[in-house]
Amino acid sequence: GQEGQNGLFASAVYDKDTDAYIVKVANTSDKPQTVNIAFAGMKKNQALKSCRCIKLTSTDMDIENTLDNPDAIKPVESTIEVSGQALNVELEAKCFAVYIIQK
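The numbering used here numbers the first residue of the sequence shown as 19 and each following residue consecutively.
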């Protein structure tokens, strides 16, 4: 990655069919990191309603699912509280997360 990225990589899209933002963040570093996502383009009277998070994480970057161990890495889904027009989360080390945020 680029200097100053600290192992964080992200992309975002807006799905107009579901009226949701989909934000994908990867933390490839060995340390947890705080991620602050601001939705600055939203109208002032709009607010985020809910956030679903799907994470894949492992301390062993060489691990993979096999026929003998099909659940070595599996997605974990949770709900995250959102407030206003921002999402603030702590992302674990060596983690990939997908945030589906309803507005």
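Simulated from the structure, these hints should not be mistaken for laboratory data.
Cβ coordinates follow ideal geometry from the N, Cα and C atoms, glycine included.
Mixed in with the good hints, there may be bad ones.
Said to hold, decoys possible - Derived Cβ-Cβ restraints for the label pairs, each shown as a range:
#, residue 1, residue 2, range
1, Lys67, Val94, 36 to 46 Å
2, Ala28, Val94, 16 to 26 Å
3, Gln120, Leu85, 36 to 46 Å
4, Asp35, Ala111, 19 to 29 Å
Stated by the list, open to error - Listed below are the simulated DSBU-like cross-link pairs for lysine-lysine, each with C-alpha atoms no more than 35 Å apart in a straight line:
#, residue 1, residue 2
5, Lys121, Lys34
6, Lys73, Lys62
7, Lys61, Lys73
8, Lys42, Lys67
9, Lys62, Lys34
10, Lys73, Lys34
11, Lys34, Lys92
12, Lys67, Lys121
13, Lys112, Lys92
14, Lys112, Lys73
15, Lys62, Lys42
16, Lys61, Lys121
17, Lys73, Lys121
18, Lys112, Lys34
19, Lys49, Lys73
20, Lys121, Lys62
21, Lys73, Lys92
22, Lys121, Lys42
23, Lys49, Lys67
24, Lys92, Lys121
25, Lys112, Lys42
26, Lys42, Lys61
27, Lys61, Lys34
28, Lys49, Lys112
29, Lys49, Lys92
30, Lys73, Lys42
31, Lys67, Lys92
32, Lys67, Lys34
33, Lys92, Lys42
34, Lys121, Lys49
35, Lys67, Lys112
Hint check:
In this structure, Lys67 and Val94 break the distance hint of 36 to 46 Å, their C-beta atoms being roughly 22 Å apart. Remark: the range hint 16 to 26 Å for Ala28 to Val94 is upheld by a beta-carbon distance near 19 Å. Taken as a hint, the range 36 to 46 Å holds for the pair Gln120 and Leu85, whose Cβ atoms sit roughly 37 Å apart. Taken as a hint, the range 19 to 29 Å is violated for the pair Asp35 and Ala111, whose Cβ atoms sit roughly 34 Å apart.
Distance restraint check for Lys121 and Lys34: the Cα-Cα separation of roughly 11 Å lies within the 35 Å cut-off, and the hinted pair is therefore satisfied. Straight-line distance between C-alpha atoms of Lys73 and Lys62 comes to about 30 Å, which keeps the hinted pair within the 35 Å bound. Between Lys61 and Lys73 the alpha-carbon distance is near 29 Å, which keeps this suggested pair within the 35 Å criterion. A hinted pair counts as satisfied when its Cα atoms are at most 35 Å apart, and Lys42 with Lys67 qualifies at roughly 18 Å.
Between the alpha carbons of Lys62 and Lys34 the distance comes to roughly 19 Å, so the proposed pair stays at or under 35 Å and holds. Proposed proximity of Lys73 and Lys34 is supported: the alpha carbons are some 23 Å apart, at most 35 Å. Between Lys34 and Lys92 the alpha-carbon distance is near 28 Å, which keeps this suggested pair within the 35 Å criterion. Simply put, Lys67 and Lys121 have alpha-carbon atoms about 5 Å apart, close enough for the 35 Å limit, and the pair holds.
The suggested pairing of Lys112 with Lys92 holds, with an alpha-carbon distance near 14 Å, which does not exceed 35 Å. Distance hint between Lys112 and Lys73 is fulfilled; the C-alpha atoms sit about 11 Å from each other, no more than 35 Å. Taking the CA atoms of Lys62 and Lys42, the gap is near 24 Å; set against the 35 Å cutoff, the hint holds. Distance check on the hinted pair: Lys61 and Lys121 sit about 11 Å apart at the alpha-carbon level, within 35 Å; holds.
Proximity of Lys73 to Lys121 is assessed by CA-CA distance (about 21 Å); at most 35 Å being required, the pair is judged to hold. A C-alpha spacing of about 31 Å is found between Lys112 and Lys34, which places the hinted pair at or below 35 Å, so the restraint holds. Restraint check for Lys49 and Lys73: the C-alpha separation of about 16 Å stays at or below 35 Å, so the hint holds. Restraint check for Lys121 and Lys62: satisfied, since their Cα atoms lie roughly 12 Å apart, inside the 35 Å limit.
Taking the CA atoms of Lys73 and Lys92, the gap is near 8 Å; set against the 35 Å cutoff, the hint holds. Between Lys121 and Lys42, the direct Cα distance comes to roughly 17 Å. Compliance with the 35 Å bound is thereby established for this hinted pair. Note on Lys49 and Lys67: the hinted pairing holds, with a Cα-Cα distance of about 29 Å set against a maximum of 35 Å. Note on Lys92 and Lys121: the hinted pairing holds, with a Cα-Cα distance of about 28 Å set against a maximum of 35 Å.
At most 35 Å may separate the alpha-carbon atoms for a hinted pair to count; Lys112 and Lys42 meet this at roughly 14 Å. At most 35 Å may separate the alpha-carbon atoms for a hinted pair to count; Lys42 and Lys61 meet this at roughly 23 Å. Between Lys61 and Lys34 the alpha-carbon distance is near 16 Å, which keeps this suggested pair within the 35 Å criterion. For the hint pairing Lys49 with Lys112, the CA-to-CA distance comes to about 8 Å; that is within 35 Å, so the pair holds.
The straight-line distance between the Cα atoms of Lys49 and Lys92 is roughly 21 Å, inside the 35 Å bound, and the hint therefore holds. Distance check on the hinted pair: Lys73 and Lys42 sit about 10 Å apart at the alpha-carbon level, within 35 Å; holds. Restraint check for Lys67 and Lys92: satisfied, since their Cα atoms lie roughly 27 Å apart, inside the 35 Å limit. A C-alpha spacing of about 15 Å is found between Lys67 and Lys34, which places the hinted pair at or below 35 Å, so the restraint holds.
For the given pair, Lys92 sits about 17 Å from Lys42 by alpha-carbon distance, which is consistent with the 35 Å threshold. The straight-line distance between the Cα atoms of Lys121 and Lys49 is roughly 30 Å, inside the 35 Å bound, and the hint therefore holds. Restraint check for Lys67 and Lys112: satisfied, since their Cα atoms lie roughly 28 Å apart, inside the 35 Å limit.
Checked against the numbered hints listed earlier, the structure breaks hints 1, 4; every other hint is satisfied.
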